[in-house]
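Respectively, the protein sequence lines represent chains D, P and Y.
Heads up, the first sequence is in the numbering used here, so the first residue is 718 and it goes up one at a time.
Heads up, the second sequence is in the numbering used here, so the first residue is 818 and it goes up one at a time.
Heads up, the third sequence is in the numbering used here, so the first residue is 5 and it goes up one at a time.
Please note that the accuracy of each hint is not assured.
Claimed, not checked - Listed below are the simulated EDC-like cross-link pairs for lysine to aspartate or glutamate, each with C-alpha atoms no more than 16 Å apart in a straight line:
id, chain 1, residue 1, chain 2, residue 2
1, D, Lys898, D, Glu862
2, D, Lys788, Y, Asp402
3, D, Lys900, D, Glu1053
4, D, Lys788, Y, Asp406
5, D, Lys764, D, Glu741
6, D, Lys898, D, Glu949
These are computed hints drawn from the structure, not numbers from a lab.
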Amino acid sequence: MRHVVMAVCVMSMLAGCAPKEVAERIVNVYTSRHYAQDDALYAQFTKQTGIRVNVIKGEGPELLERLVREKNSPSADAYMTADAGMLHRAKSAGVLAPLDEDTVRHVPDRWRDRDRHWVAVTKRARVIVYNKARVSAQEAPQTYEALTEAKWRNRVLIRSSGNVYNQSLAASFLALWGEEKTKQWASGIVTNMARPPKGGDRDQAKAVIAGEGDVAVMNTYYLGQMLNSTDEQERLVAQQLGIVWPNQETTGTHVNVSGIGIVKGAQHATEAQQLIAFLTGDEAQRQFAATNYEYPIVPDVAPSELLRSWGTFREQTVGASVIGENNAAATKLLIETGWK
Amino acid sequence: MDICVRDVRFRYACATQCAVSGVTFTVRAGEKVALVGASGCGKSTLLRLIAGLERPSYGVIAIGGHIVADARTFVPAERRGIGYVFQDYALFPHMTVAQNIVFGLRSWGKHQKQQRCDELLSLISLEAYARAYPHELSGGQQQRVALARALAPQPAALLLDEPFSNLDAALHEEIRAQLAHMLSRARVTTICVTHDESDTIGLADRVLHLSGCAIVEPVRAALHAVGRA
Amino acid sequence: MGSWQVQSNRWLASHAWFLPACGIVIVLVLPHVALVWRAVEAYSASGLQLVGHMWQLMVINTTGLLVVVGVATACIGVVLAWLLVAYTFPGATVYRVALLLPLAIPPYIGAYTYHGITQYTGVVQTTLRSWGIAVAPGTLDMMTFSGAAFVFTVFLFPYVYSVCYVFLGTRCAHVIESARTLGVGGVALFLRIVVPICRLALFSGVGVVVLEVLNDYGVVHYYGIVTFTSAVVTLWVGIGDVSGAIALALCGMGIALALVFAEQGLRGRRQYRIAAAKQRVLRRRALHGWRGVLASLACAVLVLFGFVVPVAQLIAWAWQMHVPSAWDALRDALGHSLLVSGCGAVLIVVCSVMIANAARWHRGRVGVLLTRCALFGYAMPGAVVAVGVLAIVIPLEDAMHDVLVFFGADVAHGRWLSATLVMLVYGLVVRYIGVGMQAVDAGFVRIGKTYAEASRALGLTVTQTFWRVDAPLMRRALWIAALLCAVDLMKELPLSLLLQPYNFTTLATEVFYDVRDERIYDAALASLWMIVLSVIGMLLVHAMTRQEQKGE
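Isolated chain D (complex conformation) (with noise of 0.2 Å):
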């Protein structure tokens, strides 16, 4: 009996968590992303629209794999995550649905999927930064290229393999050089490394100013966070450090992207539709410009005051889902190098 009264407890529990099924309205999103930026979003497009946004936030390849599962009936409508080559997995696994031509059509065609299974939402560019008090302006390495010269020697830090920001950056070289000349390259890096790589991207811009290398490669998204830190070591760090876009007079620098598809056969299509058209508006573009240290995907919505602070630059060309198709490749290669 006891038994019995206990198990009808923990189920009631359990029923009350469930999503209401009432007439509402509402989209289901599981993402990689996790910033209160995005969260204020969804607050400001169910006011608009009267659409609740129902949330998971994971990881990329995990809600991947459960998307994989819930194939026959997804319980997601949309799929939102961080860099191209999760987003190309996610169209190859034959999980997302194409895009209405009218959702994206504002969106330059660099920054969708060629078959509208995807379309960016912000991105961010991998940058070069130097310690200003060791290395010259003019010193300072113009190219990716020049990290793997014989002076950069035991001067270069960078994360692991296992990064995607650093696999994209591979997928795009493997797509603008071709498989030898990268391969050469990332030996190259590997050559040059001060240290193994471990750490975030702010432990390699913190360990060119404590001395450990002298450049580092690092995505400008956590250069802002730097600079606004709460933490003042944190932020004189980052006013020491001075910036490179590399490869302007060649291919340009390298921009990855956070981008979100429609899930097949989604419950509420229609409803992430207008959520996806939301966050690639005016509106939502000008907001991740303005507090989330992103770059707008819009050509009309002007970076953040900071960013703009930094210059403009040229960016490759390679688009977003050749990135991502040749992500898988880069990553293998990447180990094959010996890049831990």
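Got chain D sorted already, so can you dock chains P and Y onto it with the hints?
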């Protein structure tokens, strides 16, 4: 060696009543004494005090004329050289019978250890079990091993705590006879604690009655012994 | 006919626990079966070939970490347990509790905090710089093999300490006393009696540590150390080879379980279970002078590194954030954390009791098998277990929908398991049933079988005996099991991340979101809350363990 206990009192940390209050008696060298009393009257505690496992709150204990416990001195168990056979034998479960027996012979040579072990195994008639583990033995056998282990370092005295409590009745007589035989061969000062006076027949030269935490015996002899020390 | 009925009734009554227990075990093992299926189904050699490029490093680092952390925690755990069981010295009463506290801090939070303290912008280096002392780059680096080993040791040693402490304190007094009457004391006593006697407790404690280290991803990933689990994740996250990742994880589980069970083979005929007529608490002796100071210092160092330092740093970060509004978001996470760990812990204890009690009356292979199967989940990375759970729950939902439709019901395809807490709680039970089983089993061993046998001899069934005799005697043991599980569930991360329902954040996931984005400062407040709740749990466990010891 003489064991002399004078006005010893003891109280457990959280207890309100004394487990032992003002006990005085003397056991002469080579004598076999049985302490008899109802359960819970502090017999076992008295043994633990003599062995050095507890420190008396008051009183004096002397062994062989040396004071081992009083208000200032306290010689801990490992330096008293007294054999103790625990009620549940406390054989080391991870050691064989032979390893248990030679455990206390730390400074002995390998050969001497072997010899002593053989001696004791023959004393307790368990020669065939040298390599068995304690849990592979019967209760009576375990008790004999415990006795051998306590006797091995040639202790100044031997303390037996309820030696028959864990044995079944059918074996009772036989084991008591064996124990008496072994003790007489070992020729060592012995204090045996039991709740049943009939158990003491053949085991003890003298029986002391412990009642209401106090003793029970001509006091003069005890005082005399301490005075000599 | 009549006699058949009587017989079948009797059969049912005698299997009243066995059959449900089998059912529970099957339900708990299903995800693992699904994993094997998933690994075989889409197996490709290419992923594992890739692992070939790093296998040497992987093997060296993994075995290195396991050996170093295993040995270190074993030494620290048993030495401290012995010091605190057998002696009194300044501060000993406080240390008895305080040495449990490091368990309240998950190693991944510890790793981030220690890196934060020692890095270039951290408090140590900035202070030194302000004194004009330059620290050569890389010298204070936590992100190394030894740094990771330090973090694991300092936060995991209480697993060993606590089991050894309870074991030495309750079951060994007479053995230790008899060694003393034989003239053995001090260090010799410790080495010849205490360590061997502790062996069983030691192995179970170190076993938990080994599994925790083996399945950790947070620490090794952040510190850039290639290990077995990071290879699993590289396969999955890096190149999307889920099958390869699962195959690798299954190999790991095989090795881990083999290690755990190998100990039983090594034990041979020797026995470590001590049967004592009376359980006596060992009389503590005072350590005076420099010995006392040394013992006190040793404990202080561990409490300092394992709890005080990281907590102080987290408080400093939380203070620096000064955002009072963060409380609103945290309140939900706090509630959810309590809900999940509460539900999970209760279910785990219920399942553990079902299985352990069935196994108790069903000696022999089947009984042992039941308890062993329950351990599978604890021997694998949480994320991998989660994939297995998904592979069971989602098809089940689909099938139920199909059945409803077949019978003409007009229902929408509801994700009534995966979109609710059911799937998450199920996953947590699968992963952590081992923890509960261990605690519940310990409870059953402690009360022994005699009371229950007496009750059955008086004509009560197994079920009646359980409610009338076992349950009242086990009351505290069950609470302890539930609290231990709750503390573990509170800290759990990868599984919750993958199986959570919509709009559901716990303290652990809240911490993860910030930490993954390198915003460790923002994570401080949530981390502190998690630590506070875990500390409360640990203190309750401690209080109950003490009561239980006194009760005997």
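Structure-based check of each hint:
Taking the CA atoms of Lys898 of chain D and Glu862 of chain D, the gap is near 10 Å; set against the 16 Å cutoff, the hint holds. Between Lys788 of chain D and Asp402 of chain Y, the direct Cα distance comes to roughly 10 Å. Compliance with the 16 Å bound is thereby established for this hinted pair. Taking the CA atoms of Lys900 of chain D and Glu1053 of chain D, the gap is near 9 Å; set against the 16 Å cutoff, the hint holds. With a CA separation close to 15 Å, the supplied pair Lys788 of chain D and Asp406 of chain Y stays within the 16 Å bound.
The hinted pair formed by Lys764 of chain D and Glu741 of chain D meets the criterion: a straight-line CA distance of about 13 Å does not exceed 16 Å. The straight-line distance between the Cα atoms of Lys898 of chain D and Glu949 of chain D is roughly 41 Å, outside the 16 Å bound, and the hint therefore fails.
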